[in-house]
Every structure is written in C-alpha cells, then in structure tokens.
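*Asks:* Each chain is listed here by its residues.
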Amino acid sequence: MPRWGMVIDVKRCIACWGCTIACKEEHFLPPRVFFNRVLIGETGKFPTSSKLIYPILCNHCTDAACVEACPTGATYIREDGIVVVDDDKCVGCRACLVSCPYQQRTYYDQKVKEREYYPGQGKTEMELIGEKLYPLKVGTVIKCNFCSERVDEGLKKGLTPGTDDVATPACVIACPVGARVFGDLSDPESEVSRLIMEKKGKQLRKEFGTEPAVYYID
Amino acid sequence: MKQQNELEKIMFHPTGSDLKPYEWMMRPTRQREWIDDKGIFLWLAFFFSEIGAGLYFVSLFYEYRAGIVLGWLITLILGGLIHVLYLGNPLRAWRMIMKPKTSELSRGIWIIGVFAALGFLQIITSGGFNMVFNCIMGILCLLIISHGFATMNVIRALPAWSSTMVLPLSLISGIWVGSQLLQMMFVLGGSSALASGMEVWSEAFFLIYLLCILLYVWGTFHANEIGKTSIDVQLNGELSKIFYAGVGGLGLVLPAVLTLIMWGGDTHGFLIFLRLVFVLAGDLAIRYTIMKSAVYKPLI
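Each protein sequence line maps, in turn, to chains A and B. Okay, so the first sequence: first residue is 21 according to our numbering, each after it adds one. Okay, so the second sequence: first residue is 13 according to our numbering, each after it adds one.
Treat the hints as calculated values from the structure; they're not laboratory data. Yeah, the Cβ is synthetic: ideal placement off N, Cα and C, and Gly gets one too. Keep in mind that a hint or two might mislead.
Covered stretches of chain B (in silico footprint by chain A; criterion: 3 or more residues with CB under 8 Å from a CB of chain A, positions within the stretch not fixed) [to be verified]: (1) 94-106; (2) 115-129; (3) 162-171.
Sample of chain A residues at the chain B side, in silico, Cβ under 10 Å [unchecked claim]: (4) I60; (5) C90; (6) P91; (7) V111; (8) R114; (9) Y127.
Sequences are here, hints too, so could you generate the full structure?
*Replies:* See below:
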C-alpha cells in the first residue's frame, strides 16, 4: 500500500498563489476558506535578512493530533496515509480543529456557506455549480484531502498519482515552476523519496511530533 | 466604495486585524473555535458541569440529598444541554461515544453517562449513601469536574492549556465552588450550624485555589515562549481587564475579605451569598481568560 506524501521546494516557489487558486477551484471553496496557503515572512535583520516563502497545506500526519482528538471517528487516516473527514460522522465539535498545531482545518457553518464572492450581488453561476458538484455539509469540519477523489479515480484507471496529471492533486499540477512533487513515500525509488534523501527534506515544525507527510527542501 | 469595503470584509480576517491570507499563523495565533461566537457555549458548558459535579461531590460528605439532586441536575441539564447546543450537528451527538481510547471528549461522554445512571440510582434509593457508592460517585464527580480542562489539557499545540497546573486548578475550583453552593443551600435550609462548620472548607479551599492560580500563571509563563505570550495576553493584553477585575477582584480579593470577616466560623447568610456570587463570577472569569488566551506557535 502506498503512503502518499508531498515534497515542496521552497527555493523554486515564486509565491504566485497558483496552488491556492487551483485548490479553491478544485474544491469550490467559499471566500476566506483555504486548504492551501502561501506564507511569506522574513528572517534575520538587514543587511543579512532573507525572505521566507512557505506554501502550506494539511500535512496528513502519521501521528495526527486531529485523528486522536476526534470523538466520533469522523477524522481518520486512510490506508494510504491520507487524513480525511467523513462528513456523515462529523458532529461539529471542532476538537480536531483546535488540536491541529498547523491550523489547517475550517469549520463550515451556515455563515461560511452564505458568503458570496461578490457581496450583495448573489452567488455566481460558478459558486452555484460548486454547491452541486462539491457539496459541503453545514456543521462539519473541512480540510485538504490531497485531492483523494483525483487519486482514487486515477488509480482505478491504472494511472500513477504524481506522474499522471489526472491522478495528481490540483495544487501540484498547477504549480508553474514544479515546486511541488507528489508521490509514494513508502517507495524508496519514488521521486518524493529521492528528493527527501538527496536534499534532506524537512518537515514543518517537526517538534510538534505529528510526523507530517509534507516535506520541504531548499 | 461601500462595495469595496464589503469585499475587504469578506476577503480578510473577521476581526478586521488586516490579516492577509499569506500572514496566517505567521505570528502567535489565538484559538477561536472554543470561545468565540458559538464557542461561548462550551465555556458555559464546562462551567456548569464543573459546579454541578462540585456540589454533588461536597454533598456526598454530608450525605445531603438536596445537594446531590441539584448537582446532578446542573451537571446534566445545564452542562450537558449546553454542550450539545455547541455542536454543529447536535442530533449526531450520540456518535461521540465511539472513540474512548483516544479522544478525551469521548471519554467524557462515557463518564457523564455513567454518572447520570449511577447518580439517578443514588438519588432514588434509600440506602444510596453507603461507603462504596459514595466512593464511586466521588471519583466520577472528580472526573467530571476536571473533564472540561482535561479536554483542553491534552491539546499539545496550546501551551496555555497543556500546562501542568490546569488540571489541579480545575479540580480545586470545582470543589471550592461546590462547597460554596452547598454552604448557601445550608443557609437557605436553616442549617446554620452546618453552614458555620463548612467555613473550615472555605478557608482551606480558598487558599489552595489562590495557590493554584498563582502556580498556573507562573508555570505557564515559564513553560515556553508561547506560554509566556498567553500569560502576557492575560496580564497585559486584551484580557487584562477581565483578569484583574474578574479573576483578581471578584474571584480572589473580595472572597478573601469575606472569608477573613467570617474567619473561625462566625458566618452570616448574606455574606455567604455575596461570597458565592463573587466566587461564581471569578470562576467564570478564570475559565474565560484561560480559554481565550491560548495561542498557537507560528509556523515559520
């Protein structure tokens, strides 16, 4: 069984927010809800300061705090390592949301559902189509699922996630500079494993002890 | 112009703090889900569960049936009901019994269920106050008193909640508030001798409660940078007014003055009532500041 993971090259990232937008399109996310963000900061002091650009998303942790905290089993880790939320089981207690040290979850309530991209002008056709194609349940927690729909469909068709675009997460295929690589962490020959080994991939805030499946290289 | 302002409100953070999407978690970020908006229900639910179980616990020592009935009702009706109101899907609340092995919330639901059943048995049976039953109920009460803070305590990402002193503070405050409620019940029931006798509890628990708050503040401040930030928010930041007026004034100074006036068992019904009001307000304030001041470590 594969263990899906991602490697992000922060040196390649140009902070174009292509991943953020592709993700919002893929999941028809309402305003102010992000499964993918690009953080921009600084480190050091002039004249030796440097700019930090970190694309972040759910880390699909092996020892996920959200999974432990969920009282209903709605949040669980699939066999392939993807952390998902079963919205039929979610009671909306938000224990997972509070527990996540990376704060990569969003509570989807009526207020969020009613947000419009053009306030006061009603929902656009795109937003209405999104509600039908990708229905989110009110009163539940939503998050990045590594585009598991694409991965699962691709595997059914005999495609390889990370190699074939159709079976790869939207943020990876949208990246114009190839800063993101998706693949099987359990396969030592895979592109992600090779990059982690060769470039000494680091997990974000390893000290949280959650064993993220997203690695950063520079 | 109006439309542009509306758009800004939609796109940027609801607090109006000018936080842009790319600044998310770049600074210590406050947790909101369990205190802001509907999260206020959780604050009240933890409070009522705690004081109800506290009253039940102290009543066991006096085998005082009215106290355990009221404690049982407060815990289940006020505490339980408000808990359910907080949920996004209240009708699915039964599902929360599914994961007692890993989830503190799930364990809490089991404990409340057992407490409800055994408490009911103790209330309706005439021989309910035997030693074994009292011990079992006492342990269940202590677990319920600490349930709210225990749920918060396991969240490693928030040092203000995972502080070592959070659980002792919760236990002591539950028993302290419970004893105050029972003392008031004795006054109202005309048992002034029992109310005077209880003053020893009040003196002891007040001092331990004060010590727990001081140790919580000191311990969290010295735990790490993020813990320090949380305490800074409580003492010098946006929560300082609530901390000094609510926790310091209502929760500690005024009860201390009233305890000193009644020192040695020279109690007075009105003063006991006043102290109860202050203690309840102080307990709400300390819970609010702890829940509201918890912050996450920045990601980069």
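*Asks:* For every hint, state whether the structure bears it out.
*Replies:* Hint check results:
A count of 7 residues in the region 94-106 of chain B with a Cβ less than 8 Å from any Cβ of chain A is obtained; the coverage claim is therefore met, three being the minimum. Only residues whose beta carbon comes within less than 8 Å of a beta carbon in chain A count, and the region 115-129 of chain B has 5; three or more means the coverage holds. A stretch counts as covered by a chain when three or more of its residues have a beta carbon under 8 Å from one of that chain; for the region 162-171 of chain B and chain A the count is 6, and the coverage holds. For I60 (chain A), the suggested interface contact is upheld, since its CB lies about 5 Å from the closest CB of chain B, less than 10 Å.
Of the supplied interface hints, the one on C90 (chain A) holds, with its beta-carbon coming within about 6 Å of a beta-carbon of chain B, less than 10 Å. At a threshold of 10 Å, the smallest CB-CB gap from P91 (chain A) to chain B is about 4 Å, leaving the interface hint in force. Interface hint status for V111 (chain A): upheld, as the beta-carbon distance to the closest one in chain B is roughly 5 Å, under 10 Å. For R114 (chain A), the shortest C-beta to C-beta distance to chain B is roughly 4 Å, which falls under 10 Å, so the interface hint holds.
Proximity of Y127 (chain A) to chain B holds as hinted, the smallest CB-CB distance being about 6 Å (cut-off 10 Å).
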